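Chains C and W, in that order, give the protein sequences. For the first sequence, this note's numbering gives the first residue as 1, with consecutive numbering after it. For the second sequence, this note's numbering gives the first residue as 1, with consecutive numbering after it.
It should be emphasised that the hints constitute simulated quantities derived from the structure, not laboratory data. Warning: the hint list may mix true and false statements.
[Claimed, not checked] Think about it this way: if two alpha-carbon atoms lie no more than 30 Å apart in a straight line, the pair counts; the simulated DSBU-like pairs of lysine-lysine are:
id : chain 1 : residue 1 : chain 2 : residue 2
1  : C       : K82       : W       : K73
2  : W       : K139      : C       : K82
3  : C       : K82       : W       : K71
[Said to hold, decoys possible] Label-pair restraints from in silico Cβ distances:
id : chain 1 : residue 1 : chain 2 : residue 2 : range
4  : W       : T78       : C       : P60       : 22 to 32 Å
5  : C       : T47       : W       : S46       : 17 to 27 Å
6  : W       : L88       : C       : V52       : 21 to 31 Å
All of these numbers come straight from a predicted model, not from anything done at the bench. Note that CB positions come from ideal geometry on N, CA and C, so glycine has one too.
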Amino acid sequence: MIGILLAILAALVQSIGDIGKKRISQIYHPFLVNWIPISIGLILNFTYLFIVGFPEVNWPDFLSCLLLAVILLVIIEIRFVKALTSGDLSLVMPFGSFIPVINSLYAWVLLGEEPTFIADHRCWILGNVCGSITKWRTSSSVQSYPE
Amino acid sequence: MFADLSRSGGLLAPFRAILSEPGPRHMLILALWNGLFTLIMKIGSSHSSAIFFFTMVILGEFIFFSFMLWKNKLNPLTPFRENPGICLQAGLFWTLGLSLFFVSLSMTLVAYASAANRTHVLFVVILSHFLLREGDIRKRLLGCILMLLGIALILVPVG
Numbered sequence: 001m002i003g004i005l006l007a008i009l010a011a012l013v014q015s016i017g018d019i020g021k022k023r024i025s026q027i028y029h030p031f032l033v034n035w036i037p038i039s040i041g042l043i044l045n046f047t048y049l050f051i052v053g054f055p056e057v058n059w060p061d062f063l064s065c066l067l068l069a070v071i072l073l074v075i076i077e078i079r080f081v082k083a084l085t086s087g088d089l090s091l092v093m094p095f096g097s098f099i100p101v102i103n104s105l106y107a108w109v110l111l112g113e114e115p116t117f118i119a120d121h122r123c124w125i126l127g128n129v130c131g132s133i134t135k136w137r138t139s140s141s142v143q144s145y146p147e
Numbered sequence: 001m002f003a004d005l006s007r008s009g010g011l012l013a014p015f016r017a018i019l020s021e022p023g024p025r026h027m028l029i030l031a032l033w034n035g036l037f038t039l040i041m042k043i044g045s046s047h048s049s050a051i052f053f054f055t056m057v058i059l060g061e062f063i064f065f066s067f068m069l070w071k072n073k074l075n076p077l078t079p080f081r082e083n084p085g086i087c088l089q090a091g092l093f094w095t096l097g098l099s100l101f102f103v104s105l106s107m108t109l110v111a112y113a114s115a116a117n118r119t120h121v122l123f124v125v126i127l128s129h130f131l132l133r134e135g136d137i138r139k140r141l142l143g144c145i146l147m148l149l150g151i152a153l154i155l156v157p158v159g
């Protein structure tokens, strides 16, 4: 339950960060839009780690995961800025409703984590219906921002 | 009930939009990569801690984007000089949000944390209206509320 509440709190905080990123993306190059939060993030997280202490690390497995995660995050950040500059934030973001479904499938196949499978299906259907309605009602008011 | 079919292009218009409009297409491809990334984050965190792994990941990303800035002759300090407030807002909340999310991943199932984190869309729609002056809040909120119903179906145990 704490994990779920923390995820919701993270969502609220992230959305404020996304508003900031959207504002920057209208002015600066996508590489700068990515670099700015990362540089601030590094300062914050290293400060936290120096205060709390560094954890023990299982280096061989850690490094292989790290390499893969860095490559994936670079791809994700570039894609995200492209998505941000392609339309209204409140129009593009609802298409991210596919993320929990895709995450559930990956986690089920690769980690063996099994949330209620029927619930998954119902979420997929509802997610698509609401995504459709959102897109449908706003399709006439799409604006484009310069890349 | 909710839409003017003749104006919007029919029931399949949103799905056609994935192919014809760049924003939704980028977001959909992003969702595929994001799923894999979330999983790697969970596995990586189990070999150290969520915050440490996340910090190492953004360190790698920092090196990559610093190289790209140097290659494209972009001055990274310009935005900090011109718009320090917005830069701080983006950086502070982006880091805090993702850090909290990766900690939550280590506390519950990926599916649950990921579904709960999707309430992000609701916050984005509300905040975009008030902070970015984006229109159509009632229509977009309707979609988001339906989306949250879907999230609730993942989170609430069945049977």
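Here is what the structure says about each hint:
1. K82/C - K73/W: Holds - the C-alpha atoms of K73/W and K82/C are around 20 Å apart, at most 30 Å.
2. K139/W - K82/C: 24 Å, holds
3. K82/C - K71/W: With Cα atoms ~20 Å apart, K82/C and K71/W stay inside 30 Å; holds.
4. T78/W - P60/C: 22 to 32 Å: At roughly 41 Å between Cβ atoms, P60/C and T78/W fall outside 22 to 32 Å, so the hint is violated.
5. T47/C - S46/W: 17 to 27 Å: 24 Å, holds
6. L88/W - V52/C: 21 to 31 Å: 23 Å, holds
Hint compliance for this structure: hint 4 is the single one not met.
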